[in-house]
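Protein chains in written order, with this note's numbering: chain A, 1 to 109; chain B, 1 to 227.
Hints in this document: simulated from the structure, not taken from any laboratory.
Glycine residues also receive a C-beta, built at the ideal position from the N, C-alpha and C atoms.
Fair warning: there could be bad hints in the mix.
To be verified - Pairwise CB distance ranges (calculated):
| no. | chain 1 | residue 1 | chain 2 | residue 2 | range |
| --- | --- | --- | --- | --- | --- |
| 1 | B | P198 | A | K48 | 50 to 56 Å |
| 2 | B | N27 | A | N8 | 47 to 53 Å |
| 3 | A | S52 | B | D189 | 26 to 32 Å |
| 4 | A | N8 | B | P198 | 31 to 37 Å |
Said to hold, decoys possible - Here are the simulated DSSO-like cross-link-like pairs (lysine-lysine), alpha carbons at most 27 Å apart as the crow flies:
| no. | chain 1 | residue 1 | chain 2 | residue 2 |
| --- | --- | --- | --- | --- |
| 5 | A | K79 | B | K172 |
| 6 | A | K80 | B | K225 |
| 7 | A | K22 | B | K57 |
| 8 | B | K11 | A | K77 |
| 9 | A | K80 | B | K64 |
| 10 | A | K77 | B | K12 |
| 11 | B | K16 | A | K80 |
| 12 | B | K225 | A | K73 |
| 13 | A | K80 | B | K2 |
| 14 | A | K18 | B | K11 |
| 15 | B | K172 | B | K225 |
| 16 | A | K74 | B | K7 |
| 17 | B | K16 | A | K48 |
| 18 | B | K47 | A | K22 |
| 19 | A | K77 | B | K41 |
| 20 | A | K79 | B | K47 |
| 21 | B | K172 | A | K102 |
| 22 | B | K2 | A | K74 |
| 23 | A | K22 | B | K225 |
| 24 | B | K11 | A | K22 |
| 25 | A | K18 | B | K16 |
| 26 | A | K77 | B | K7 |
| 27 | B | K58 | A | K77 |
| 28 | B | K12 | A | K18 |
| 29 | B | K41 | A | K18 |
| 30 | A | K79 | B | K58 |
| 31 | B | K172 | A | K80 |
| 32 | A | K18 | B | K64 |
| 33 | A | K102 | B | K132 |
| 34 | B | K13 | A | K73 |
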Amino acid sequence: MKSLFKENILEEANTWIKSNQKVVLATVIQTWGSSPLQVGSKMIVNEKGIFSGSVSGGCVESSVISESIELIKKNSKFKKLEFEVSNENAWDVGLACGGEIKIFIEQIN
Amino acid sequence: MKTEILKEIIKKKSSKQQFAVLTNLQNSNSEIFELGKNLSKEFENNKTEIENYFKLKKNGIIEKTEIFIQNYIKPINVVVVGAVHITQYLIDFVQNLNFEITIIDPRKYFTTEQRFKNINVINEWPDEAFKKIETNSHTALVALTHDPKIDDPALQHALKNKFFYIGALGSKKTHLNRCRRLKILGFKDEEINAIHGPIGINLGGKSSPEIALSIISEIVLENYKRN
């Protein structure tokens with residue numbers, strides 16, 4: 001996405017915070033090879049695991065959600081996550097497309 | 001990220017000027033960057049690199065640092081002349097793609113609020129309407145009335161102001177006549193040839209949503225070509 005002005009994930013994060021939810025913001029900070037979403041793609045997760053937005057088109061979301069819930073539980077500020085290519089036959093987290101991505105998760109508070 | 005920074009970013013987005021958000025990946029501190037703005041101690045050592053990424057509108061981790069930069073770029077504006085049926089479908093596509101949209105149509109019965117809720121609709125002739133909006137090389141024109149009285153002045157404005165995309169609805173014959181009129185007005189062949197007519201990528205469909213899809217596809221294609 002060349003222009004991010006109207007992407008409304010941050011506005012949505014703000015709405016969640018106003019309704020007293022704990023919010024973790026996940027951002028794609030680096031990619032290698034054929035990863036599905038570009039650098040800057042965002043997703044938000046609350047303490048219950050409800051999420052909005054996307055960081056990989058479905059490949060690693062579940063792991064980002066559990067890491068985000070963990071971040072809230074431990075009350076840590078941030079964490080860097082790295083995902084590599086997965087075995088296509090396994091029901092495992094990873095990128096079937098053969099790419100690699102680095103995701104930064106951080107609490108908004 | 002602090003909630004205050006989040007609110008500041010949201011506010012900044014409404015100003016529609018290019019800015020960037022810097023994040024220190026070692027402590028998750030963030031701040032807003034604009035050209036000419038002083039940076040806090042956290043980021044000032046990398047000012048030159050930050051400015052380079054900003055100028056190139058490049059997102060990512062700045063080399064040899066732990067700084068992540070994300071640029072917020074001014075969205076392109078799609079000006080649609082003619083508040084017709086195709087326009088209603090164009091709105092959805094344009095909004096999902098994060099573009100802005102402005103609709104111009106002097107015909108009041110076309111521009112009722114019921115048809116275009118929360119959209120910037122200018123109910124005037126193109127010459128007057130263009131005085132009210134900023135247009136430049138980030139603007140696209142979609143002329144859909146196929147009435148020369150309304151479309152032609154808009155096309156002239158778009159040509160003079162170097163819009164990155166200019167498309168006009170109508171058959172090959174209609175388009176030839178249109179080109180002839182513009183030539184008489186003094187526009188050069190190369191300028192006139194830049195007008196996409198018949199408008200849109202030929203997908204084969206004739207329904208309004210299909211035409212809207214073919215137009216928006218062409219705009220996206222042209223937008224990537226120039227970047």
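Next item on the list: Could you work out which earlier hints the structure fails to respect and list their numbers in ascending sequence?
Entry: 2, 3, 5, 6, 7, 11, 12, 17, 18, 21, 23, 29, 31, 32, 33 and 34
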